[in-house]
Structure formats: structure tokens, C-alpha cells
Amino acid sequence: MDTRDVIRRYLIEHSAKPGISTFDEERSLLDQGVLDSFDLVNLVTFLETEFGITVADDEIDAAVLSAFDRLCAFVEGKRGPTR
Amino acid sequence: MTEVSVPVAVSGVGHYVPERVVTNDHLAPLLGTTPDWIADRSGIRERRFAAPDQTNADLALRAARLALDRAGLAPDALDMIVVATLSPDHFFPGVSATLQAGLGVTRPIPSFDLHAQCGGFIYGLGVAQGLLASGRYAHVLVVGSERQSVGLDFSPRGRDMSMLFGDGAGALVLSRQPHDDQRPFVVELFADGRFARELWMEAPGAALPAHRLTPEDIQAGRCFPAMNGKNLILHAGRKMSQAAHAVVDRAGLTLGEVDWIVPHQANLNLLTGLERALGVPAERVVKNIGRVGNTSAASIPIALSEAMASGQICKGHRVLLLGFGSGFTWGGCLFQY
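One line per chain: the protein sequences are B and C, in this order.
Here my numbering is used: the first residue of the first sequence is -13, the next is one more, and so on.
Here my numbering is used: the first residue of the second sequence is 33, the next is one more, and so on.
Any given hint might turn out to be false.
[Said to hold, decoys possible] In the DMTMM-like style, the derived pairs of lysine to aspartate or glutamate whose C-alpha atoms are separated by at most 20 Å in a straight line are:
hint, chain 1, residue 1, chain 2, residue 2
1, C, K262, C, D101
2, C, K319, C, E78
3, B, K64, B, D44
4, C, K347, B, E36
5, C, K347, C, E315
6, B, K3, C, D291
7, C, K347, B, D17
8, B, K3, B, E34
9, C, K347, B, E62
10, B, K64, B, D22
11, B, K64, B, D43
12, C, K319, C, D291
13, C, K262, C, E289
14, C, K347, C, D213
15, C, K262, B, E62
16, C, K262, B, E36
17, C, K347, C, D72
18, C, K262, C, D281
19, B, K3, B, D22
20, C, K319, C, D72
21, C, K262, C, E315
22, B, K3, B, D(-12)
23, C, K347, C, E307
24, C, K347, B, E34
25, B, K3, C, D72
26, B, K64, B, D47
27, C, K319, B, D47
For the record, the hints were derived by calculation from the structure and aren't laboratory data.
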């Protein structure tokens, strides 16, 4: 699975909305209730563990973490071009 | 970090919250929202506000007297007083000066305020432990006390902050113990000033030109607390989790060996998220925010005192305190009661 698929599956399996099978990737994950604000903490922990990246304190930005495309781009940027 | 050689332990804890109950029903119309909106976003149903003639020092005095009673100590047994607050009665002197006089302490013991916001109480414990460990002092009073209700914006502009805060005080006497006392007392303190403006109150302050506080400052709301809410809960959750692990690791324990966690009562959603992040059962996390709101530096000792008075926390229990606040400042303290 590529980065987007892994993150998508995590979000669905750990959604604040139980039982969802998909979500709108164009809309804020917070606004559509896929995540609540504290889920973002666990999301960061997941990203660090799953992808072997480190999210620095000054990279903590709810606007990035709660937008699917920006989130995936952030992780892909951290993982580097060879992956 | 060098481990201390002189054991210390908690010998008494007390708290005081003002009698005046302010419900969401009362606040919601002022803030342009509904009682349920406040409850959903914060878990707070009511908070306590001080009476017009009650000062921060009055609240601190009530809590301190109870802590001293429970410790079985007279005020003159104290060797130092530390007050953590972000809502002092005056720029100077600190609440600690008024408290020292109010307690009737006749010895010229050191007394000072500590300005580390909602992390302040844990900072106070760290300072107290360090000085007790020197062997020079036997008993230190650490107080968290806030009178925040006079500094909030009770209009729709201030909704996100003003729904949260309440007044109150908590106090703890930390005492030197015999050398054979094996009970752990571990404090870890952290800060990262790059995030100072994520949660702050700009005015009044000496950085402002001329008058410290102008009518324009008031009109623009610079005299009220402001925060970047979504990022704040992320930082708070991450840093409180980090502090929890740092403290239990240093104590040589695991979170499973901790009986009670008493976190800063910032927001119920943060507390439930913290439970998930730490993987601890909800019933082991002390929560009183629904009844007293967020009392900043006072929230940990108030929750701790209530849990001890109700019999939840008993002698022998291991307790983990976790603080986080503006600055950012954060930290944890693990002790065995």
C-alpha cells in the first residue's frame, strides 16, 4: 500500500465516527467528524511509528493534519523522494 | 539528572473553591452560544467565581489553612511558601506575601510567586523538592491559586476562552522525610518558549508603551487571554503524554503501576484523549472539570485534594500529576501518598 492508502485506512479504522467506510478527502477531517481534535495526537503517534518519521513540535499544525491531501504530502515529504 | 538524596513526601493537601456557582445557563447568553455547546466542547457544566470582595490571596489562604491542618502543622512550621498563579492580585508584591501575612507566619521565611501558568503547580513542586533535598528546609507550602473571573471577555468574542475558566485554590505541604523512606517522589519539568504566543495574554504588561494598559488595548481585547485552540490541544496532549512517560520511567515504574493520574483540568476532551494516548482506564484519571472548570495553576491541587478527601486516593497509592500551560510549560510529578 502506498502512503495515501495506509493513512486512509488508519483514518477509517480510527474515525471518531464509528462504522464509516469512506470520507470526503476534499473536506477537513475535523469538520466532517472523521477525527476529533485529540485524535490528531494519536494520528501523529501513528505516523511516526508507521512511517519512521519524526514530527517536530514546530510542525504541529492542525490545519495540515486535518486536511487529507496536505497530510499525505507532509508525510511523503518527510519520507523523502526514494520511497 | 542527579537523584536527590533526601526523601520528601506529601504531608497535607487542601483546597478551596468559592461558593458562587456559575452555570452554563448563566454564561451561554453572554457568550452568544448555548449551554450544550459549552458542555460538548469542554465537558464543563459549571464553575465557581469568587465573590467581589474575595481576592486571589483569600482563596489561597483558605486552601493553605486546610493543607496545614491536614498535615498537622502550624504555620510557623513552614520553611518556605511558593504560590503558582497567572492571576495575581497585583503586579507586585506577589500573592505569596499576602498569604504569608494571612497565615500569621511570624518567621521571615522565603515566600514568592512562581509564574509558569497552568504548569505552575508542578514547577512549584519541583522547586520545593529541590530545596527540601538540600536538607536545609523541612516543610514547604506549594499553592496554586487563581482568580480568573475578573479577567475574562464575557462577550461572543471571548467565547472559546471564557467558557473554560473558574476560580479556586489548592495547596500542598511537601515535607522532608527520614532517610529510610523509600517512597518515590519524582518531578520532571519542561518548557518551550517558541510557543509563547499560542496561549497568552498580551496586556497589561511592561512591554506595552507608556501605560501598560490603554483603552485601545481593552477595546481590542488584548487584555483577555487568547489561544490557538486546535494546535493547543495537540501540543497539550503530546507533551502531557511525554511528561507521563518521562516521570514513570525515571521512577522505574510503568503507567500500569500508577494508581491515579491527576492531570491539569484543561478541557474534558483533552482528558479523555489523554486516557486514550496513555492507554489508561478512565476510572484511574481524576476529573472534576465538569464542576469547577479550568482553574489553571490551581486545577491539579484542587482535583488532588478532592480525590484525597473523598477517599479515592488513599495512603500508599501512587499518584501521577501532569501539568501543561502557556509558555509552553509542562511537567509531571509522581509520588506515593
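Okay, the hints, checked on the actual structure:
1. C:K262 <-> C:D101: violated (42 Å)
2. C:K319 <-> C:E78: Roughly 14 Å separates the two Cα atoms, so the pair holds.
3. B:K64 <-> B:D44: holds (14 Å)
4. C:K347 <-> B:E36: Status violated; Cα separation ~42 Å.
5. C:K347 <-> C:E315: holds (18 Å)
6. B:K3 <-> C:D291: violated (31 Å)
7. C:K347 <-> B:D17: violated (46 Å)
8. B:K3 <-> B:E34: It is violated: about 23 Å lies between the C-alpha atoms, which goes past 20 Å.
9. C:K347 <-> B:E62: Violated, at about 51 Å.
10. B:K64 <-> B:D22: violated (24 Å)
11. B:K64 <-> B:D43: holds (14 Å)
12. C:K319 <-> C:D291: Satisfied, since the Cα-Cα distance of roughly 14 Å is no more than 20 Å.
13. C:K262 <-> C:E289: violated (32 Å)
14. C:K347 <-> C:D213: The given pair, whose Cα atoms are some 14 Å apart, holds under the 20 Å limit.
15. C:K262 <-> B:E62: Violated - the C-alpha atoms of E62 of chain B and K262 of chain C are around 23 Å apart, more than 20 Å.
16. C:K262 <-> B:E36: The given pair, whose Cα atoms are some 24 Å apart, is violated under the 20 Å limit.
17. C:K347 <-> C:D72: violated (35 Å)
18. C:K262 <-> C:D281: violated (29 Å)
19. B:K3 <-> B:D22: holds (9 Å)
20. C:K319 <-> C:D72: Status holds; Cα separation ~16 Å.
21. C:K262 <-> C:E315: Violated. K262 of chain C to E315 of chain C sits at ~26 Å, over the 20 Å cutoff.
22. B:K3 <-> B:D(-12): violated (24 Å)
23. C:K347 <-> C:E307: violated (24 Å)
24. C:K347 <-> B:E34: violated (39 Å)
25. B:K3 <-> C:D72: holds (16 Å)
26. B:K64 <-> B:D47: holds (15 Å)
27. C:K319 <-> B:D47: violated (28 Å)
Comparing the model with each numbered hint stated earlier shows that hints 1, 4, 6, 7, 8, 9, 10, 13, 15, 16, 17, 18, 21, 22, 23, 24 and 27 do not hold.
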